[in-house]
Amino acid sequence: MNLLRHKKGGIQIGHAALYKITVAAWLLLISASSLVYYFIMPEYGFSSALLEATAGWTATGIGAYDAASVPLGLQIFRSISNWIGGVGIIMLALTLLPSRQFMGWTLAATEFPGPDFLKSETDFRRHYRKIVAIYACLSLLQFILLLLAGMAPLEAFMSALSNTSTAGLNHINNGVVTSLSPQIKIILTFFAFICSVNSAVFIHILRRKWKDLKKSSELKIYILRIAATVILISGILILRGHDGNPVQTICSVLMQVISFFSTSGFIISDIAAWHDVCIIILMIMGFAGACSLSTGGGFKICRLVIAVKTMSYGLYRHVHPSSVRSLTFDKKPIKSETVVSANLFIALFMMTYLLGALLLSFDNMSLASALGYSQAMITNTGLSLASPGSAGLATGVSAYGKFVLSFIMIAGRLEVYPLLMLLFRNFWKSE
Amino acid sequence: MKRIAYFYGIFLNLMGACFSLPLITALIYMETSSIRAFSLVILFCLAAGSLLRRLCRSSIDSLRIKPRETYLLVATVWLIASAIGALPYMLTGALPNFFDAFFETASGFTTTGATVIDGVEALPRAVLIWRSLSQWLGGMGIIVLFVAFLPSFGIKARNIAAAETPGPTVTKLSSTFTGTAQRLYIAYIILTAAMLLLLMAGNVSFYDSLNHSFTTMATGGFSTYSNSIAHFGSNYVTWVITIFMFLAGTNFELFFVLFSGSIKKVMKNEEFRLYASIVFAATLLISISLMTQGGYTDAFQSLTDSAFQVMTILSTTGYATVDFNLWPTLCLMLIVILMIIGGSSSSTAGGIKVIRLLVLSKLLRREVSLKLHERSVNDIRVNRHKLLPETLSFIISFLTMYIFTILLGTLAVSIADPAGIITNFTAVLSCISNVGPGLDKVGPTCTFSFYSNFSKFILSFIMIAGRLELSTLFIIFTPYYWKPGRV
Chain A
1 MNLLRHKKGG IQIGHAALYK ITVAAWLLLI SASSLVYYFI MPEYGFSSAL
51 LEATAGWTAT GIGAYDAASV PLGLQIFRSI SNWIGGVGII MLALTLLPSR
101 QFMGWTLAAT EFPGPDFLKS ETDFRRHYRK IVAIYACLSL LQFILLLLAG
151 MAPLEAFMSA LSNTSTAGLN HINNGVVTSL SPQIKIILTF FAFICSVNSA
201 VFIHILRRKW KDLKKSSELK IYILRIAATV ILISGILILR GHDGNPVQTI
251 CSVLMQVISF FSTSGFIISD IAAWHDVCII ILMIMGFAGA CSLSTGGGFK
301 ICRLVIAVKT MSYGLYRHVH PSSVRSLTFD KKPIKSETVV SANLFIALFM
351 MTYLLGALLL SFDNMSLASA LGYSQAMITN TGLSLASPGS AGLATGVSAY
401 GKFVLSFIMI AGRLEVYPLL MLLFRNFWKS E
Chain B
1001 MKRIAYFYGI FLNLMGACFS LPLITALIYM ETSSIRAFSL VILFCLAAGS
1051 LLRRLCRSSI DSLRIKPRET YLLVATVWLI ASAIGALPYM LTGALPNFFD
1101 AFFETASGFT TTGATVIDGV EALPRAVLIW RSLSQWLGGM GIIVLFVAFL
1151 PSFGIKARNI AAAETPGPTV TKLSSTFTGT AQRLYIAYII LTAAMLLLLM
1201 AGNVSFYDSL NHSFTTMATG GFSTYSNSIA HFGSNYVTWV ITIFMFLAGT
1251 NFELFFVLFS GSIKKVMKNE EFRLYASIVF AATLLISISL MTQGGYTDAF
1301 QSLTDSAFQV MTILSTTGYA TVDFNLWPTL CLMLIVILMI IGGSSSSTAG
1351 GIKVIRLLVL SKLLRREVSL KLHERSVNDI RVNRHKLLPE TLSFIISFLT
1401 MYIFTILLGT LAVSIADPAG IITNFTAVLS CISNVGPGLD KVGPTCTFSF
1451 YSNFSKFILS FIMIAGRLEL STLFIIFTPY YWKPGRV
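Those protein sequence lines, which keep their order, are chains A and B. Read in the working numbering, the first sequence has 367 at position 367, and its numbers run on one by one without any break. In the working numbering, each number is its position in the second sequence, counted from 1, plus 1000.
Hints may contain errors.
Said to hold, decoys possible - Think about it this way: if two alpha-carbon atoms lie no more than 27 Å apart in a straight line, the pair counts; the simulated DSSO-like pairs of lysine-lysine are:
no., chain 1, residue 1, chain 2, residue 2
1, B, K1386, B, K1268
2, A, K331, B, K1483
3, A, K429, A, K20
4, A, K332, A, K130
5, A, K209, A, K220
6, B, K1265, B, K1386
7, A, K335, B, K1362
8, A, K335, B, K1386
9, A, K214, A, K331
10, B, K1362, A, K20
11, B, K1264, B, K1362
12, A, K332, A, K429
13, B, K1483, A, K309
14, A, K332, A, K220
15, A, K130, A, K215
16, B, K1362, A, K429
17, B, K1002, B, K1362
18, B, K1268, B, K1362
19, A, K331, A, K209
20, A, K209, A, K332
21, A, K332, B, K1483
22, B, K1002, A, K309
23, A, K332, A, K214
24, A, K331, A, K429
What the hints assert, rightly or not - Residues on chain A that point at chain B, a partial pick, calculated with CB under 8 Å:
no., residue
25, H15
26, D276
27, A307
28, L315
29, Y316
30, V340
31, N343
32, L348
33, S361
34, N364
35, L367
36, Y417
37, L420
These are computed hints drawn from the structure, not numbers from a lab. Using N, Cα and C, we set each Cβ at its ideal position, and we do this for glycine too.
The whole structure should be built from the sequences, with the hints applied where relevant.
What follows is the structure, given as structure tokens:
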């Protein structure tokens, strides 16, 4: 938000400064709110407060406090920080678009309506407002629907805020929402899905550009990926004799898959009864996370699309070494540097994931938990599938471990580069 | 097609010749079942090979293999070699199941060293020497072997070698590629012989020394004992093997640079420096972790164990002197990371290779400069040589393919075998990087024997894919490979 104020003031700032402000703003927000948590609940220690604050701002579905023991005011604060953090990251992504953070300029331009979009300052601001308005409307709609479905007003308010930012539902039983009524579950899943698609989709819908919507390969792949995972998991469950009729099984799998892929990370189905394999499938398919320019995390579907195209083209180039065909996204050619940076980001994402697990392993937790937590944090899902018993609670993690978890969450949310830059000398020199 | 069939004919004959070493071993130790099995296999290879050559002789003068065909040739040669190499295991009754035998041979030729045999001591000695020999042959590349010793063959050696040699680039050591291949093999043979002598100096029998020299220099990791190098219980043997694993994971071209007398040039080589610093840092971290968390009290013992394990994993050999499954999590995580990195380019090691890691870090540095909109954005240079954009894009697509193959491989194996995520993930990782053992249920004291036939096949396939740097094998499964006219 600080960043926006700078922009509106019309102050010309360099790119290095923009990144410095980004990192500083996030660290400031997080440390200030961790103090709030710490002063209200000092018995848990500062590291827990930090984890809670970081999870709040990065919209990650993990917590350090048992939700039942947290005062109501603090819960509301967390939901609000979820919402601002979730929508704020889209604002940040839009602001940083020209500087190639989040996803390259060219790609966003293909997703967004009009080739000249983002070029004029006025358009830019109008879209900021539009997107905030869209997410506010979505939250309001969700709030009303949840009320109608019979949820208590305050709970519905918090759920609407948290779910819009795909932050999970930690205020309800630490994110285990299996006992809610089917209507509420459907509403929650639906909105988790809606909020994890590219916000350009809403703008297309508002402008009634259905053709453009159909072209969006990111949305298509996202839906296909969900469908494939659901078929795979429910197939395994049905073949191995899961209780309940097939339709019920498919529905419950669908809800859990959306909760995980949208990086919300609440437990909505009885995954404890699932076969181990299903959890592994969910973990492996979960790295990509949600779509770009959404409130979700992960390395983003548009990069997945580009990565698959790069691999296929790499093989093609071996057969036709002199080929100069360029890769396309949504049927528009993309620059080779965008292709490089998308693939590079996936590599960097995986490296950060391993580094996170390495840092966690200093704590001597089991290898599976270290890998599971690291994934849950870097994708901002918050639900560590390797130790699903703990649900959305970081139980049994030491103070050091909580610092590391917070670090990975921030790295995942800011898409690593702003933190990576801190290590480079020319970043500090460039003022 | 005839050209390729003719090539198969020669290849089969050569395989037949390679089987003579185990046959000699069988004769020395008078193992009747092995004598029969190996004689049968040799007869089969000679007969089938000669038949193919005779049938396809008409096209001998046009024995120019097109660049496109080299991929098919290399990929199928590796698959055929693994299938034929499996015959002795089946004929001697050591591994009656075809999938087991195929897995074991693929693991041999790709220098992985993952085994499905519980208790290798029970096997005939001839079979064991074949197991080690297959790794030695696969280490430098089966086809590079051809090029080195059959120069008159006339195929475009460079293309083939590029499809088989580890690393993104093949440097010229000599004016012809045959010359380069010969020199690489000479270095390989000299090092193997040196190691053989050093091991024998440490009171290891000739038979064991030969086996372990073969598998160490190939960074393979098959041992003639179930408890691997721990069997010898000697620090001397451990350190000799550690040093030779380090050498085997080094770029072989550097030996010639060293031979020409410029130690400075070796020290300045960026890949070697990164490789050495990874070894140093990982060894230090693991030995500290073992002293503080792992219950070690003797600093030298901790250093020995950690250096050996770091080298065996980084060079993708896969021996063991201790059961590192029991080590603290920090060590396990480091082992996973080392498995991914692997050795240097143009060595016998697997993994993504140190050079790609180097290029990746340089690319990230450039990406940061781009994000900061700096005016001067430099080319990517390694050892002062500018890398071409094509090379960079191949490196990038390799990295992405590597990540996705691991993820999808784990998925496939997990569906067939519910052995837990760590077991399945490290099994796939270990196979794609050609390491050998993984963690948990496929740890250094365990074997892959509990996997189903489906998983064994998938894992064998992943091993070969990893050895051929993914694209060489995957390419023959793409539609545009078979329809070259389609653009």
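Here is what the structure says about each hint:
1. Taking the CA atoms of K1386/B and K1268/B, the gap is about 16 Å. The hint holds against a cut of 27 Å.
2. Under the criterion of a C-alpha separation no larger than 27 Å, the hint pairing K331/A with K1483/B is consistent with the structure, at around 23 Å.
3. At roughly 12 Å between alpha-carbon atoms, K429/A and K20/A fall within 27 Å of each other, so this suggested pair holds.
4. Our distance criterion of 27 Å between C-alpha atoms is met by K332/A and K130/A, whose separation comes to about 26 Å.
5. Using a Cα cut-off of 27 Å, the hinted pair K209/A and K220/A holds, with the two alpha carbons roughly 16 Å apart.
6. Pair hint K1265/B plus K1386/B holds up; C-alpha atoms about 18 Å apart against a cutoff of 27 Å.
7. Of the pairs offered as hints, the one joining K335/A and K1362/B holds, with about 20 Å between alpha carbons and a cut-off of 27 Å not exceeded.
8. Annotation: proposed proximity of K335/A to K1386/B holds, straight-line Cα distance about 21 Å (limit 27 Å).
9. For the proposed pair K214/A and K331/A, the alpha carbon gap of about 12 Å is at most 27 Å, so the pair holds.
10. A hinted pair counts as satisfied when its Cα atoms are at most 27 Å apart, and K1362/B with K20/A qualifies at roughly 22 Å.
11. Our distance criterion of 27 Å between C-alpha atoms is met by K1264/B and K1362/B, whose separation comes to about 23 Å.
12. Between the alpha carbons of K332/A and K429/A the distance comes to roughly 37 Å, so the proposed pair goes past 27 Å and is violated.
13. Taking the CA atoms of K1483/B and K309/A, the gap is about 19 Å. The hint holds against a cut of 27 Å.
14. For the proposed pair K332/A and K220/A, the alpha carbon gap of about 16 Å is at most 27 Å, so the pair holds.
15. With a C-alpha separation of about 22 Å, the suggested pair K130/A and K215/A falls inside the 27 Å cut-off, and the hint holds.
16. As the CA atoms of K1362/B and K429/A are separated by approximately 19 Å, the hinted pair is consistent with the 27 Å bound.
17. Among the hinted pairs, K1002/B with K1362/B is inconsistent with the structure: their alpha-carbon atoms are about 45 Å apart, more than 27 Å.
18. A threshold of 27 Å between alpha carbons decides the hint, and for K1268/B with K1362/B the separation of about 17 Å falls inside it, so the pair holds.
19. Restraint check for K331/A and K209/A: satisfied, since their Cα atoms lie roughly 16 Å apart, inside the 27 Å limit.
20. At roughly 17 Å between alpha-carbon atoms, K209/A and K332/A fall within 27 Å of each other, so this suggested pair holds.
21. Proposed proximity of K332/A and K1483/B is supported: the alpha carbons are some 25 Å apart, at most 27 Å.
22. With a C-alpha separation of about 34 Å, the suggested pair K1002/B and K309/A falls outside the 27 Å cut-off, and the hint is violated.
23. The hinted pair formed by K332/A and K214/A meets the criterion: a straight-line CA distance of about 14 Å does not exceed 27 Å.
24. For the given pair, K331/A sits about 40 Å from K429/A by alpha-carbon distance, which is inconsistent with the 27 Å threshold.
25. Look at H15/A: its Cβ gets to within about 5 Å of chain B, closer than 8 Å, so that hint holds up.
26. The beta carbon of D276/A is positioned within 8 Å of a beta carbon in chain B (closest approach about 5 Å), and the interface hint is therefore held.
27. Interface restraint check: A307/A against chain B, minimum CB-CB distance 5 Å, threshold 8 Å, status holds.
28. A hinted interface residue such as L315/A counts as satisfied when its beta carbon comes closer than 8 Å to some beta carbon of chain B; here the least separation is about 5 Å, so the hint holds.
29. Annotation: Y316/A was flagged as interfacial toward chain B, and the flag holds, the nearest CB pair being 6 Å apart, inside 8 Å.
30. A hinted interface residue such as V340/A counts as satisfied when its beta carbon comes closer than 8 Å to some beta carbon of chain B; here the least separation is about 6 Å, so the hint holds.
31. The interface hint given for N343/A holds, since its Cβ lies 5 Å from the closest Cβ of chain B, which is under the 8 Å cut-off.
32. Here the hint on L348/A is kept, as its CB sits about 6 Å from the closest CB of chain B, short of 8 Å.
33. For the restraint placing S361/A at the interface with chain B, the shortest Cβ-Cβ distance is roughly 4 Å, inside the 8 Å limit, so the hint holds.
34. Contact between N364/A and chain B, as hinted, is supported at the beta carbon level, the nearest pair being about 5 Å apart and thus within 8 Å.
35. The closest approach between the C-beta of L367/A and any C-beta of chain B is roughly 5 Å, which is under the 8 Å cut-off, so the hint is satisfied.
36. Evaluation of the Y417/A hint against chain B yields a held restraint, the C-beta minimum of about 6 Å falling below 8 Å.
37. Evaluation of the L420/A hint against chain B yields a held restraint, the C-beta minimum of about 7 Å falling below 8 Å.
In this structure, the earlier hints numbered 12, 17, 22 and 24 are contradicted, and the remaining ones agree with it.
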